[in-house]
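With mature numbering (1 follows the signal peptide of the UniProt record, and there is no 0) applied, the sequence shown covers -32 to -1, 1 to 184.
These are calculated hints, taken from the structure and not from any lab test.
None of the values given here were measured: they were computed from a predicted structure.
Just so you know, not all the hints are guaranteed correct.
Unchecked claim - Keeping only pairs whose Cα atoms sit at most 30 angstroms apart, straight-line, the calculated DSSO-like set for lysine-lysine is:
id: 1; residue 1: K17; residue 2: K47
id: 2; residue 1: K47; residue 2: K147
id: 3; residue 1: K147; residue 2: K133
id: 4; residue 1: K47; residue 2: K15
What the hints assert, rightly or not - Derived DEER-like restraints, expressed as beta-carbon distance ranges:
id: 5; residue 1: R99; residue 2: V135; range: 24 to 30 angstroms
id: 6; residue 1: H11; residue 2: R48; range: 17 to 23 angstroms
id: 7; residue 1: Y25; residue 2: K133; range: 21 to 27 angstroms
id: 8; residue 1: P24; residue 2: R48; range: 34 to 40 angstroms
id: 9; residue 1: D39; residue 2: K15; range: 16 to 22 angstroms
id: 10; residue 1: K133; residue 2: P24; range: 18 to 24 angstroms
id: 11; residue 1: K17; residue 2: A89; range: 15 to 21 angstroms
id: 12; residue 1: H92; residue 2: L35; range: 26 to 32 angstroms
id: 13; residue 1: N32; residue 2: K140; range: 39 to 45 angstroms
id: 14; residue 1: F144; residue 2: G26; range: 38 to 44 angstroms
id: 15; residue 1: S34; residue 2: S74; range: 23 to 29 angstroms
id: 16; residue 1: A33; residue 2: S149; range: 37 to 43 angstroms
id: 17; residue 1: F144; residue 2: N111; range: 20 to 26 angstroms
id: 18; residue 1: S34; residue 2: V135; range: 38 to 44 angstroms
Yeah, the Cβ is synthetic: ideal placement off N, Cα and C, and Gly gets one too.
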Amino acid sequence: MISMQPIPSSSPSNFLFYVILVIFLTSTSISSSYDGGNETDHHALLKIKSMITRDPYGALTSWNASLHFCDWAGVKCGKRHSRVTFVALESQGLEGSLSPHVGNLSFLRVFSLANNSFQGAIPHEIGNLNRLTILYLGANTFNGVIPTNLSGCLNLQMLDLARNKLVGSIPKEISFLSKLSFLSLGLKSLLSWGTLRRWKRSVFLEIRWVGSFQTP
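Kindly generate the complete structure, drawing on both the sequences and the hints.
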């Protein structure tokens, strides 16, 4: 596996992500020895790679046929089922757009592309990832609106979409994520809080005075 060369970031949410990441890696059965694996996951990862147009640090050098895809840099699979559960490629200077095929990684629990230069819309297929617990897409240049079907990520606990170029309203469907405990969004004003008051539990909100979100 190649050595990743991260770009430093001082964001508090990045620190929190790494704390949770350590907990995830130490509490989940992950193995570097695999039997076969799933071709759907393999194909999805290749589609994600194909839409990345710049990789200045060679983060995806290992994403080739010489290694099992579970051993690719930034990728982890479950020991029992050899399905992709973890993809983290944050702070690698990557450019491109996010393939809708990400929605085919049906066992994915952690997905982070934070602090890169991804652009275009956030694919609504992410809403198919009902096992996802951590989604970090902050500090990119994603545009368009927040997908309403993020509510399909029923197990989502941490969501960071801040520091992008997203516009429009904060969808009320976000408030349906009953397990969410951390949320970071780019907000224009605290009036957007009205959309988020629907939660019946305590949620840590990182409010940022950027973007152009409005309440519905």
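_Which numbered hints fail_ = Failing hints: none at all.
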